[in-house]
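Using the sequences and the accompanying hints, generate a full structural model.
Residues per chain, in single letters:
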Amino acid sequence: MLLSVKVLASVYVIHDAEESSVRSLTFQLSAFLPSSLQAKPVRSSAFYQNITALKNDDILVTIGRDSYSQICSTVSKGIVIAAFIGQEEYLNIQKDCLIPSSGVFSGAPLDKRFALLDAVWFDRKPLAVLYSDALFIDQQKMGKEAAEYGFELRFLKTDTDRLSVLKSVNFLLEESEVILSLVDTQLYQDGVAQDILKLLFHKQRVMIGSSFAFVRAGSLFAIHSDSRSKLTALAERILAWDDNKFLMGADYPDTLRVTFNPYLIRSHGVVLPSASYLKDKYGLCADTQC
Amino acid sequence: MLKQKLWRQHFSLILGLFVSVLAQADMFSLDEYDTFSDSIPVVVTPSKISQPRADVSSSLSVLDGDFIRRINMQYVEDLLQFVPGFTVASYTSSSQKSASYHGTEYSGYRRIQVLVNGRSVYSAGLARVEWSMLPLNIEDVARVEVNRGPNAASYGLNSFFAVVNIITRSPLETLGNSISAYAGTQGDYRLYGQHSGLNGNWSYRASASTNSVEGYDTDFYGDERNDGHRSEMGNVFIQHETSTSVFDVDIGASYVNGNVDKVDYAFDLGGSEYLGGYDSANPTNEVEREHIKFGFAKQVASNHELKLQYYYDQSDANEQHDVVLYDFFYDVIFGGVTDLSTLDLSSTDSVDKSFVVDLRETRHDIELQSTLTSSDKLRVISALGYRYDEVESEHYFGGTVNDEITRLSSNMEYRASKNWVINTGAMLEHSKMAGTFLSPKFGATYKLSEHESIRMNASRAVRTPDLSDQYFNWRYVLTTGESSSATYAEEGEEEEIVTSYEIGYFHYWPSQDLSFDVRLYHDEVEGLVLSRKHFTGFLEDTPVEEGVTEDIDINGIEVELDWRFDSGAMTRFTYAYQDTHTESKRLLETTPPILMSFFYSLPLNEKWSYQGYYWYGKELANKDYEFFNTWLSYQTSLGGYSKATVGIGLETRLDNNSLISRHNNYDEDSYAYVFTNITF
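Chains as they are written, first to last, in this note's numbering: chain A, 504 to 793; chain B, 102 to 781.
FYI, nobody ran anything at the bench for these hints, they're computed from the structure. Treat the hints with care, since some could be wrong.
Said to hold, decoys possible - Some chain B residues flagged as far from chain A (calculated, every beta-carbon gap over 12 Å):
#	residue
1	L273
2	N419
3	S612
As the list claims (entries may be wrong) - The calculated BS3-like cross-link candidates involving lysine-lysine, where the alpha carbons are at most 27 Å apart (straight line), are:
#	chain 1	residue 1	chain 2	residue 2
4	B	K478	B	K363
5	A	K660	A	K598
6	A	K647	A	K660
7	A	K628	A	K615
8	B	K634	B	K708
9	A	K628	B	K519
10	A	K543	A	K647
11	A	K647	B	K708
12	B	K634	B	K533
13	B	K454	B	K399
14	B	K408	B	K478
15	B	K634	A	K628
16	A	K782	B	K454
17	A	K598	A	K628
18	B	K744	A	K660
19	A	K628	A	K784
20	B	K719	B	K686
21	B	K399	A	K660
22	A	K644	B	K454
23	A	K748	A	K598
24	A	K543	A	K580
Glycine residues also receive a C-beta, built at the ideal position from the N, C-alpha and C atoms.
Encoded structure:
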């Protein structure tokens, strides 16, 4: 595929995911780009076989943490824009990245999450933050942000095997009622998220999710971005580089939505803010209204 | 037009694929369990349906895991002291502890239903809960929900004054290992250990404990009591969970070796009482109890769950007595002598004999339950069950007796409007021994907010006569095979019926994590059985006392307050006032008019915490009873997920009274204790 590289900058979508899904994603992304700048999906293994053809102007879009990590550690030309990655995952890799990088984060900024939690959850026992060593965690900064909303955070780094993760959750929940999840691919793999949510179900505790899937699986709520917002932010960065060689900083998409789990809302007697209040006060689009 | 249609199809395809991408890339492996979180129960006891507290129409006390871990109790039944209206005490021996609600009996209390993970542990034969013989460790308990008031509509016969629902922790909650130890200067000690692990969707816990309780020190005359007991118990709990099903196996076994005070065998002859013999050695009561339970719950549709449960429970008790019997007594009881004039009642010639009080109780129970969410407004839970109880005892029944019970129930929660929730249902049960009974309930809750409600509830429950009421054939059978005459049930007893009316108010302040509940109730009890079941068949077969009943009314108020502070402090206060209208002095004696408890837990810093509780019972057997327990604990991390807690405490009696019986006395008013727990 790289043999077809022309003089113009190319956009490669590098992934290890299911082929058809990424093709679809790439197709959607291309719709946001001019015809001269079409995105091409490339499986990681194929990409490395043809890495010598890469040019300095080329744009590498990585899907997920692992692709971003590999590109950062092996490629010395072009720029990389990470997508489907958490902020803390990105920061952990970005500091050692060999090429300029940007990203579009999954999940939502902490201040927005704390603000909404402050409005719907009145218990002020410490919030538990469980994470793997794949995240860059600035405990002081995060703790300060939480304190602005009257929350305290308890951090625990864990090994990612099931037993260690579940033991960690039990350990954390001795003093906490709520787990604040971060986007952490390494932690939530191989059904571990399901295990954690099962355990929370037994303990009658809740998790604040980091994506819609978490809510569907049993988290109280999650602030997240939809596909359109993510692609818009991604295209914005690609175009800025292509037009002006300006690399925009990594950030969350402009538009965020919030999804609540109706069963948990009812069980815990949470009073939901109205859609208009969510929009005006937090800049969030209520899922049912988006 | 065709182009437009093709575009729509194309767009749908893209959208579908795109969602798939998101699921893969952003959500990783989370998208396989949509129905996983269909319900997070807040409480499950009142209607067997998970409901927020504010929606419930019955009065409910919840002792959650946090409270249970902090209260530092060694035995599950002791937790009930912190439920309004409950008394927990040993009457005749330490292994015969009774947890009673509304009083009416000192020992062998048979007017509450107790379930462990949905398994009724109400014994088949003598219709009581043998707490010390339950293969159940408090460390394994996740929470205890107590429905104060009748709830036979959900839990069937004998859910008379209250239902105690004990729910154990999932093995996922106890992964790893833990060891606990307790020892007190009164001589009690306890050791507990558990290991939990997981493999795929399977998780398991194996736990065991050994326990020793010294019991009371002296009787009314200052003689040493012999009522302590030792026990060993073990549990294995295995669970298999998927996104739509849960399968569990619960296996438990216990062995109790209880001391029993010596007895003098006296009998009445022509208005005079004669000593006919006595226990020559300290009697012992050995009990082996085992159970196995299988449960399978399957989400057959997003709004429909089916649950099948079967359990088998057996208890084998043998109380060994070595006796010295005076010749005249032996001749009358076992020799068939009927001409009393030939007896030399002043003779001290005797024979050495022995006998066993044997009691083997077994129960099979199977139930199919359906929970259907018909709409956002209506949930219906229906169950069909069958139970087979069998008791084998030469001593109490002269053989084997049994009963079969079939039951059909349906309960529903209907949200009539934003504010009104209706909780109603009924159970129809047929006992082969006692007949057919209908137990209905109707409750309505008016929600002032999501956290505040007023409730009204009316319910009716039946306590059916138990196997001993109906089939008593009580005799003494010596190990040589000789048998005495019998005291037997002639007509049996009629059922007891309670009709209860209550109103209550519940308020939870989430910003303070403070809950408050108050309940006013009026119970009308018909036919409360007061017959004394004494052995009287010394000379010939005689009927046991039967048909002595009393109708009573009970009015009362109960208050419960639970406060969890952000600082980590916790406090819980309960108060119960009961006004019992009856002519029976005996009933009044068993019914304390005021019961009160107060618990507090104060973290002093990250490692040290200070806890204590106070308990007061007014006029329990005509005497006030109060005690205070306080302890200091230290918790430290051992690295990783390991931690250790050690503590020292003191319990002291604040009254100078014997407990319930004048023979229940401790030498010391206070005792100290130490405890530790290590999790790794």
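Here is what the structure says about each hint:
| no. | hint | result |
| --- | --- | --- |
| 1 | L273 | violated (5 Å) |
| 2 | N419 | holds (39 Å) |
| 3 | S612 | violated (4 Å) |
| 4 | B:K478 <-> B:K363 | violated (61 Å) |
| 5 | A:K660 <-> A:K598 | holds (20 Å) |
| 6 | A:K647 <-> A:K660 | holds (19 Å) |
| 7 | A:K628 <-> A:K615 | holds (19 Å) |
| 8 | B:K634 <-> B:K708 | violated (54 Å) |
| 9 | A:K628 <-> B:K519 | violated (30 Å) |
| 10 | A:K543 <-> A:K647 | violated (42 Å) |
| 11 | A:K647 <-> B:K708 | holds (24 Å) |
| 12 | B:K634 <-> B:K533 | holds (23 Å) |
| 13 | B:K454 <-> B:K399 | violated (57 Å) |
| 14 | B:K408 <-> B:K478 | holds (22 Å) |
| 15 | B:K634 <-> A:K628 | violated (54 Å) |
| 16 | A:K782 <-> B:K454 | violated (87 Å) |
| 17 | A:K598 <-> A:K628 | violated (33 Å) |
| 18 | B:K744 <-> A:K660 | holds (17 Å) |
| 19 | A:K628 <-> A:K784 | holds (24 Å) |
| 20 | B:K719 <-> B:K686 | holds (16 Å) |
| 21 | B:K399 <-> A:K660 | violated (35 Å) |
| 22 | A:K644 <-> B:K454 | violated (81 Å) |
| 23 | A:K748 <-> A:K598 | holds (21 Å) |
| 24 | A:K543 <-> A:K580 | holds (17 Å) |
Violated hints, listed in ascending order, are 1, 3, 4, 8, 9, 10, 13, 15, 16, 17, 21, 22; each of the other numbered hints is respected by the structure.
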